[in-house]
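On the provided structure of chain S, position chain E as indicated by the hints.
In the order they appear, the protein sequences are chains S and E.
Just so we're aligned: the first sequence equals residues 615 to 1256 in my numbering.
Just so we're aligned: the second sequence equals residues 10 to 302 in my numbering.
No lab work stands behind these hints, which were simulated from the structure alone.
All C-beta atoms, glycine included, are put in the ideal place defined by N, C-alpha and C.
A few of these clues could be false.
Here are the simulated BS3-like cross-link-like pairs (lysine-lysine), alpha carbons at most 27 Å apart as the crow flies [as the list claims (entries may be wrong)]: (1) E:Lys-151 <-> E:Lys-297; (2) S:Lys-656 <-> E:Lys-174; (3) E:Lys-22 <-> E:Lys-151; (4) E:Lys-234 <-> E:Lys-22; (5) E:Lys-82 <-> E:Lys-168; (6) E:Lys-234 <-> S:Lys-656; (7) S:Lys-656 <-> E:Lys-168; (8) E:Lys-302 <-> E:Lys-22; (9) E:Lys-174 <-> E:Lys-151; (10) E:Lys-151 <-> E:Lys-302; (11) E:Lys-201 <-> S:Lys-656; (12) E:Lys-297 <-> E:Lys-201.
Not close to chain E: a few residues of chain S, all C-beta gaps over 10 Å, as computed [unchecked claim]: (13) Leu-690; (14) Phe-695; (15) Ala-760; (16) Phe-852; (17) Ala-911; (18) Ile-995; (19) Ala-1083; (20) Gln-1196.
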Amino acid sequence: MSLISPLALLAAAIVGPIIVAMYLLKLRREERSVSSTFLWQKMVRDVEANAPWQKLRRSLLLLLQLLLMLLLVLALARPFFQTQGISGRNLIIILDHSASMGASDESPSRLEAAKAKAIQLIDQMPDGGRATIIAAGGSMQVPAAATSDRRELRRAIDAIQLGNGGGSDLAQPLTLASALAAREEDSEVAIISDGNVSVPSDIRIPARVSYFPIGRATENVAVSAISLQPNQNSQTLFVQVTNYGASATARRLDIYLDGAIFNAYNLSLAPDPTHGQSIVAQIPPQVRVVEARLDGADALALDDRAFAVSTLGDALHVRLISLGNRFLETGLSLLPGVRVTKAISGTRTFTETITQIPVTIIDGPSPAVLPPGNLLFVGPIRSTDYFSVTGEIEFPSLRPVVGDDPVLRNVSLSEVSVLKMARITLGSWARVVVDSDGAPLLAVGERDGRRIAVLAFDLHNSDLPLQVAFPLLLSNLINYLAPGSGAEASQLVPGQPLAVQVDASISEVRVTRPDGTVANSRDGGVQIRDGQAIYADTDPLGVYVLEALRDGAVQTTHRYAVNLFAPKESAITAQRDLTVPQTSGAQSTISRTRDGRQEVWRWLALAALVVLVIEWLVYQRNGLVYLRQRWRERRAAAPIRR
Amino acid sequence: MTDPLLESSFLRKLDRLSILTRRAMAGDIQGERRSPRRGASVEFADFRPYATGDDIRQIDWNLYARAERFYLKLFVAEEELSVHLLVDTSASMDWGEPNKLRYAQQLAAAFGYIALSNLDRVSVSTFGAGPPAATLPSVRGKRGALPLFGFLQRLVPGKGGDLAKTCRTYVQTARTPGPLLLCSDLLDAGWKDALAAFSSRPFEVTVMHILAPQEIAPELDGDFKLVDVEGGEPVEISADIGLIQRYRENLATWRAEIESFCTGRGMNYLTVDTSVPVDEFVLSQLRKRGVLK
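So here's chain S without its partners, still in its complex pose (with noise of 0.2 Å):
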């Protein structure tokens, strides 16, 4: 502890001995002439009783004026102690709220410690800084910006909460603080997390940067993978356990069937991140919800548990209207739970509803009237309403437009060659995936409520039929088309919407969260637009469950598993140091200097004016005695008014 001011404790030594000589001056009493002394010193003999507390008593002012004295000197010292803090006058905090700050290895968890740290670092703040918080991990959320009101910082801290979605990117944070701070002059970040963040390396933060670690704990056990497979008569679990710590350890899987226990299977797990251990089971068809409990306790309780539900019957229905294509059919019925229902070429009338056939591929020409839902046009040879075909290419070179799109997620189009394929003009709504010679090849969008994607080649003008690459594509847009559907959609991380085509004819769509609460699309809980329903606060993970009701009755229920499956999270290892390029050259933000000055004249000024309250009492006891008396007479006299 030290001192900012040590000169103003020079004060003590003028005030201290006014104080004193004048409170020796006053001991001289004031002399009374009584007619008798005869009738007070019977009563000084009582008194003298208790004489030492007397002479306690007459001191005691002195005293209360010295230690008020004392008080204020040392506030005007401005006391203070040295801790591992901050600086700067624009101070931006990133604090970490990823689902890996809800370890409870600090008490109560990381995040309530980063919270207290953060509040730490608002109290450091020199008188006029300004600070800006920064939410990172997830979504990102700035809660205060640039603001000098302290009380609004902590309540704005106070309110961070823990978010279970999106990883731990700290690529936006750290570019948002970069730009508040090359704004302004003695700038400093400070990061609250445990480490565990992805630090983008081609950024130059133009700032110090401070890095204040929360966590101590490494041993973490998750269930990191569950999925559960529609068979013929069965399904088949697949849970998948890793020890994201640095020990062996053993633990305990149990399996729950609807809530009822069903297995439970001793595992002894290695240190390996990467390898989990694997169990799968056949379970019975008619389990609707599959949990996975790892029991015992370790710091990150979040994912010690996982869900699947099943998608056995949860058909997917795709309408095909095709002269006859045989790569077709045999990719789609190569695809798990998609039916697919023939349509013969020339149809006018569609009587299914989008609920009952949501996706239809137009193979080849297409019919006058196009079908409800959503649209996959291969090859198309006439235009329509969404998209003109006003000529021919040939042997188109393929270039994906955007690397990772999820249309080609896994899907590898370098082997492949096309002979001919339409030359397409696409309206604004649609997004160019694969680009051939400034034409599209393969574009995806929507339009008047519905997903459409064009293939712009006839699949037999293309060895695309013959690789690898075209059931993975085909899968990837039918899991585009009609999201929400089938095994894999079933299964989502945390924040991740909820969509599921509903048609017009749903009037309300429910959804029952983990908790049991209801959302609800008449309050706006659930929204409808445009043919979807969507349910986007998905934070909280377990199982979800969607009803679409038609006038009171439920049509249809979908089921969905939100799982925190993300290994970035599940390793919680504490990092002492994050890599963090800055202007100055500097890469490592452990503080190495204590230079936070943690100031207490506040406590020493309160302390200060309750002293002066109680010297006040002190000396004004007549009026206390006063009260005491009222309030006894009124005692006395309480009874008989009544």
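Just chain E now, with coordinates in the frame of chain S:
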């Protein structure tokens, strides 16, 4: 010396009063009070057989005619009362607002004037102050009023008196016991002995316990050093409501103690607050308590 002790209008009212005694008391010379002695008056008292040497003029011849024996006819004697006024002139009396000594002088003057107007003998003595005690040799009749007032007005407070001792001396030297008015604040450790001294002779004692309002309810707040005007040991106090409260309780106990002491010895005890005007006190309080009539 400037103000007269008592207003003339007040004196006129006093003319109508007289001192009440509970029993007949003997005096020195003939007066207007019934005496326990037999003497010459018009009121018949008793018969007594004649003995040699008796005045034959007092023989009741009618009785002799009936009983053939000599009997003397006795009459009630009417004598003066000897009223004693004792005024405490210790330094503690010269204190308070209104002043206690002046109040005592006024009380004594009023009492003495009543006695004089009833042809009683009045003697005044101071006590409490150091020797020698000032005394006024007995005066009688309204003529004596001026010397009485003059003596009372000339009283000065003194120091070093022993209350008990002066009282005892006075009791022993007084010629004739009679009604005795004691005006004092009794602020002396020996008050008990002083009062006890009077019961050795048949005085009819009325104790006027004079206290100033500043003594009854002191208005002190803060730290004080109380200096005794009589030279007693100074007392240091830190006055607050609690202390004043205790003082008042203490005072009340002390007064109750004196009162029970006096009642036990057939003395009248009156507490006097100097803030009450003298005339009001004399005309109402003393009559109510049966000291005057």
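27 Å Cα cutoff - pair Lys-234 (chain E), Lys-22 (chain E): 45 Å, violated
Non-interface claim for Ile-995 (chain S), where every Cβ of chain E lies beyond 10 Å: 110 Å, holds
Restraint status (C-alpha distance of Lys-234 (chain E) to Lys-656 (chain S) at most 27 Å): 15 Å, holds
Gln-1196 (chain S) and chain E, when compared Cβ to Cβ, separated by more than 10 Å: 68 Å, holds
Restraint check for Lys-656 (chain S) with Lys-174 (chain E), where alpha carbons must lie at most 27 Å apart: Distance of about 23 Å is within 27 Å: holds.
Pairwise hint evaluation, Lys-168 (chain E) against Lys-82 (chain E), where the allowed Cα distance is 27 Å at most: Not satisfied, since the Cα-Cα distance of roughly 56 Å exceeds 27 Å.
Given as non-interface: Leu-690 (chain S), which should sit over 10 Å from chain E by C-beta: Non-interface label stands for Leu-690 (chain S): nearest chain E Cβ at 32 Å, farther than 10 Å.
Pair hint outcome, Lys-302 (chain E) versus Lys-22 (chain E) [Cα-Cα no greater than 27 Å]: Roughly 12 Å separates the two Cα atoms, so the pair holds.
Closest CB of chain E to the CB of Ala-911 (chain S) still more than 10 Å away: 62 Å, holds
Given hint Lys-168 (chain E) paired with Lys-656 (chain S) - CA-CA distance at most 27 Å: Within the cut-off at roughly 22 Å; holds.
Agreement of Lys-297 (chain E) and Lys-201 (chain E) with the hint, judged by alpha carbon distance not exceeding 27 Å: Holds, at about 26 Å.
Satisfaction of hint between Lys-151 (chain E) and Lys-22 (chain E), Cα-Cα up to 27 Å: 15 Å, holds
In summary, the structure is inconsistent with hints 4, 5 and 9 from the numbered list given earlier, while agreeing with the others.
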